[in-house]
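**Student:** Chain by chain, the residues run as shown.
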Amino acid sequence: MSNGGAPSQAKRDGGFEREPARRVFAAELRECRYQFREGDDEKSPTFVLLPSGERCNRVFLVGTLTEKQRQGDQNIFYRGRVVDPTGTFFVMAGSYQPEAMQQLAKIDTPAFVAVVGKPSIYQTPDGAFLVSVRVESITVVDRETRDLWVLDAARSTLDRIDALAQGTAPDAPRIKEHYPALDPATFRKMAYEALAQIKI
Amino acid sequence: MDFSKTAERISVKIGQKGQSVDKKKIEAKLRRLVEEFGVQPAEAERSVTNELAKEFNPTGIGDGSGGGGGAGAKEDRSIADIAPGEWVTIEGKVVSILSPPSPSIAQSGIIADSTGAIRFVAWAKANAPKMLEGTWYRIESAVVDEFKGVANVKIHSGTTIKPIVEDRALIPSVVKIGELKPGIGSVRVKVVQEWEAAHERMLQSGILGDESGTVKFVIWKDAGKEKLTVGTVYTIFHALVEEFNGRLSLNLSTATYMQDEGDIAVSGGDTEVRGTIVHIAPGSGLIKRCPVDGCNRALSRQNYCPVHEIQPRFVYDLRIKGWLDDGKKTYNMLLQRDVVESLTGMNLDAAKELAENNPLGMDEVFLRMRDAVLGRYVVCRGREIDNRLLVRACERQKMESGDHTALLNRAGGAA
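Those protein sequence lines, which keep their order, are chains Y and X.
Numbered according to the working numbering, the first sequence terminates at residue 200, and the numbering increases by one at each position without gaps.
Numbered according to the working numbering, the second sequence terminates at residue 1415, and the numbering increases by one at each position without gaps.
Don't take each hint at face value.
[As the list claims (entries may be wrong)] As a list, the in silico DSBU-like pairs of lysine-lysine whose alpha-carbon atoms are at most 35 Å apart: (1) X:Lys1176 - X:Lys1023; (2) Y:Lys189 - X:Lys1328; (3) X:Lys1025 - X:Lys1130; (4) Y:Lys106 - X:Lys1025; (5) Y:Lys43 - X:Lys1181; (6) Y:Lys118 - X:Lys1329; (7) Y:Lys176 - X:Lys1329; (8) Y:Lys189 - X:Lys1216; (9) Y:Lys43 - X:Lys1321; (10) X:Lys1227 - X:Lys1130; (11) X:Lys1328 - Y:Lys176; (12) Y:Lys106 - X:Lys1329; (13) X:Lys1216 - Y:Lys118.
[Claimed, not checked] For each label pair, taking beta carbons as the anchor points, the in silico distance ranges come out as: (14) X:Lys1328 - Y:Asp108: 32 to 38 Å; (15) Y:Lys189 - X:Glu1400: 20 to 26 Å; (16) Y:Asp108 - X:Arg1388: 36 to 42 Å; (17) Y:Asp108 - X:Arg1247: 36 to 42 Å; (18) X:Arg1301 - Y:Ala196: 46 to 52 Å.
[To be verified] Okay, the calculated bits of chain X under chain Y, using three or more residues with CB under 8 Å as the criterion: (19) 1214 to 1226; (20) 1313 to 1327; (21) 1368 to 1377; (22) 1402 to 1412.
Hints listed in this document are in silico derivations from the structure and should not be mistaken for laboratory results.
Just so we're clear, the structure is a prediction, and the values are computed from it rather than from any experiment.
Note that beta-carbon positions come from the ideal geometry of N, C-alpha and C, so glycine has one too.
One chain only, chain X, in its complex shape (with noise of 0.2 Å):
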């Protein structure tokens, strides 16, 4: 049977619409119906003829809201403005392309244009050429569509991509952390803090900062990625924005980052707690961290590194992790080893010395530095992110006449 005609009759009736098919394709879809299920030619027509009306029309379907998707799919369209559930045609530059999460997905990546970023996700079954990172496309008649609270860019069959071969500048716009959405994000921030990696295939995560606020960041282990350096200032260009839990945090998968000159004044960084130590948690104490060069991860008791194994030449450490309460909030406290050693008057050589001599080994540091520092008040300062306290440093609070007599005015005043 010959399905030339009917293809060459429904693909008049689609370019009617301003769209254009591959006539091949749809004869492919006609032969299947018939040949395959059985389905009567003129039936067979009609469904495919529907099928690529949907596809290139949906809104077309009891839904007002787009308006005609044919017509406004050709309007140039910047790509901060656009919304889920409207057909688009942008100009932009693949800046990122990342391996897709599926086989159904032929490619996804992030593109921009001077006015932002989105997402893109080109299905395998739309068939479209695969972009190259770089490269400035212009794609046309592209669905908008949200995934997890975030649009996106959805290349269909129907989807027309064509370089755009001149060299156009990119100028992303930087914003400030405070102002982040989910979804693509560029800033200019310093690394505030380097978290031990929680997985083997992190490469690095922590804190990035500037003068609005902080924000929680990672890097998946993956071809050509670098660990940033704490305390150094980066301009990060196209960050994955991601929400979790109602906070925010960048993954840099898909970003570009360059080191940046200057310093930036990085706000919350100095908050501070007067309260008392209510819990020493395990951990605290003398511990030994991995000696893998940027690893530092600290190790089990059988010198057990989650990644890179055994580790007999370790390196110790002293740390106290814990609950500073303040009778309103408590605060995951951490102190680092400089402050441990101020604290408790206990310094890593004398540590080692202890659990060394003492037949309960490393617990022995542990159980001495709680019996010093636990229901003890404190004055800690540092950095504040969601509830963690990584704090700079921290004395015994005195006892002051002062707060005594004002208390006393206080309390006798209206009695």
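Here chain Y stands alone, though its shape is the one from the complex (with noise of 0.2 Å):
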């Protein structure tokens, strides 16, 4: 956490600034081993490190609902796998996000859904890292919108990966620092292949 990237929003003193949703393919959010958190401020957010160059504290992904799985006794809490054209997410929501366990409970799979939550990477006694999002709210769409997010997606982690390679991505150091080994190329292949899959 040592070295500076300025913050990749505007402003961090004077008032609460509420982070903005990453567009994050499957394959990609699969492969973040890194998460920060800027300030000792009890608040202050923590964020997950996309490989492809920008810091992420919540993503809005859109993908088919696949599975669901109710869990625990005393705190029940729902898992879900959420399925894009690059892979899956993993995503769950406890009795800490009432409404959106509530909204989780009620749909049906597989439906497309729209979900808003937050990344966090956890380690399995095993060594294995697992990235997994808690939902902030989950909602059944339709595949125009499904369609769109996969477009938005591209073009975000498009976005990301020029952002690194011209060196104006406030997070580059770190990149370097931690996914020494990733070649950018990987998440071009990633999104046109997504983009591929599309029919219109």
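Dock chain one against chain two, each of which comes alone in its own frame, and use the hints as you go.
**Tutor:** Written out as structure tokens, the structure is:
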């Protein structure tokens, strides 16, 4: 957390600013290994560093909810799998997100869903990494919304890769430090393949 | 003991510096020191002399910046040019009197000349004559001070105030909103938007705009204050320009405002945001508003208006408050009834009927509207103020095959 990249959003001082929801494909989110927090305040947001070059406190994703599962006895929570053209998002909603949990509980699979949520990285006892999204809201949407999202996510991914290549990404030093082996071309190809699956 | 001789000596000394003090006041100060506090008469004379000297010439004590206060204070100055730390003599018209915020302040208000305006404060212990609104005065030997980053004129016991009998014309200089600075300002603006009053002492708040930008305004309830009409142009003289969190706002407590002819093309009136609705806030959907004329506040579930209490004869309305997110920036959006109706496809009558015939009542409207718009791609047009987007038109985005092709080329081009 040492090196300085300026925050990607304007104005840290003077008032609360809501963190925007990044558009990320499942195949990229799955590769996240580094999360950090700026500032020592209890309320300061936690960011997951996207390998394509941007910090991310919130994501917006649209895909197909293929599976959902109720878990826990006393602390009930729901897990779900949301599939996009590149892979699978793991989403969850617990009793701390009662509204999101009720929304998720009501949805019958399969369905196109739009999810707003906060990503975080977990490490399992055997050393594997798992990136999961804590749901803030989940709604059933139509195919057109899904298609619009694929375009949006592809555009955002390409924007991030370009900013990183041009050195204008504020978190570029962090990327070098934490994802030294990653080739941004991977994500360009991923975006292309996702777009190719959309039929107009 | 007789203090008049000592008082006379002190008064002569002060007089040599070009100031004059009431001898009775000096006598009283001396008497208090000697009789109440048992100070030696010589020491009392010294301390009273020093006290007065300090009061009249603070810049003389180890502060070279202002130059000799005595001399500079005699020259007439334009209000626009004076700066904190100076001693000044100004001639101006009292354009506004404010109710004093504290008993130690006898009077405060705004004094203006043709170059500008400044706030003045007369301390209670200065015993200055009360000034009248609308009258011109010559204020000699006042101190310019700074309070909350804004210059103001302090009237102390050494200041002389003389009314100017002749009636002079005062033409305030009107500036653009973009040029406003903390202090006092006059503007010609259009009322862009009116907000629900957040406080019962508040008469009205909202947004004013001109070609250069927009600014928040507030009018507090005070005798003779009238509300502004949305969509109308006003010339506002001598409003307090206040700064909070780096943003300016206009407080019209001190201002005179009058309706003006014509129209102003307000800038920032047409922002287009393409993004997704990522949150619908409580208070969206079908709401009840206070029926009292000019109030229109949203009522609580128990029909309680923060100002007019229980209002069983409320008026229904539709609105959506939420967050619109384009992936880079998030806007706090507000949709009014007509925009809500066209976006959700549910009109006010349908919403009322749904609420009345459903066990969940108004919640059912909220849930249906949420499910209809949350997570959807929309294009919103409206006015943006500090991240707030007051939406005039909002529609669902459509899939464009051109976008798809362009992105495919972009992604594939460098692969």
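**Student:** Against this structure, judge whether each hint is valid.
**Tutor:** Verification of the hints:
1. X:Lys1176 - X:Lys1023: violated, 49 Å
2. Y:Lys189 - X:Lys1328: holds, 23 Å
3. X:Lys1025 - X:Lys1130: holds, 19 Å
4. Y:Lys106 - X:Lys1025: At roughly 83 Å apart (the allowed maximum being 35 Å), X:Lys1025 and Y:Lys106 break the hint.
5. Y:Lys43 - X:Lys1181: holds, 33 Å
6. Y:Lys118 - X:Lys1329: Cα-Cα ~16 Å, so holds.
7. Y:Lys176 - X:Lys1329: Answer holds: Y:Lys176 to X:Lys1329 is near 25 Å, not above 35 Å.
8. Y:Lys189 - X:Lys1216: violated, 48 Å
9. Y:Lys43 - X:Lys1321: At roughly 24 Å apart (the allowed maximum being 35 Å), X:Lys1321 and Y:Lys43 satisfy the hint.
10. X:Lys1227 - X:Lys1130: holds, 29 Å
11. X:Lys1328 - Y:Lys176: holds, 22 Å
12. Y:Lys106 - X:Lys1329: holds, 31 Å
13. X:Lys1216 - Y:Lys118: holds, 34 Å
14. X:Lys1328 - Y:Asp108: 32 to 38 Å: About 34 Å separates the Cβ atoms of X:Lys1328 and Y:Asp108, which means 32 to 38 Å holds.
15. Y:Lys189 - X:Glu1400: 20 to 26 Å: Given range 20 to 26 Å: holds, Cβ gap about 24 Å.
16. Y:Asp108 - X:Arg1388: 36 to 42 Å: holds, 37 Å
17. Y:Asp108 - X:Arg1247: 36 to 42 Å: With Cβ atoms ~47 Å apart, the hint is violated.
18. X:Arg1301 - Y:Ala196: 46 to 52 Å: This hint holds: roughly 51 Å between Cβ atoms.
19. 1214 to 1226: Per the Cβ count (0), the hint is violated.
20. 1313 to 1327: n = 4 at 8 Å, threshold three: holds.
21. 1368 to 1377: holds (count 6)
22. 1402 to 1412: holds (count 7)
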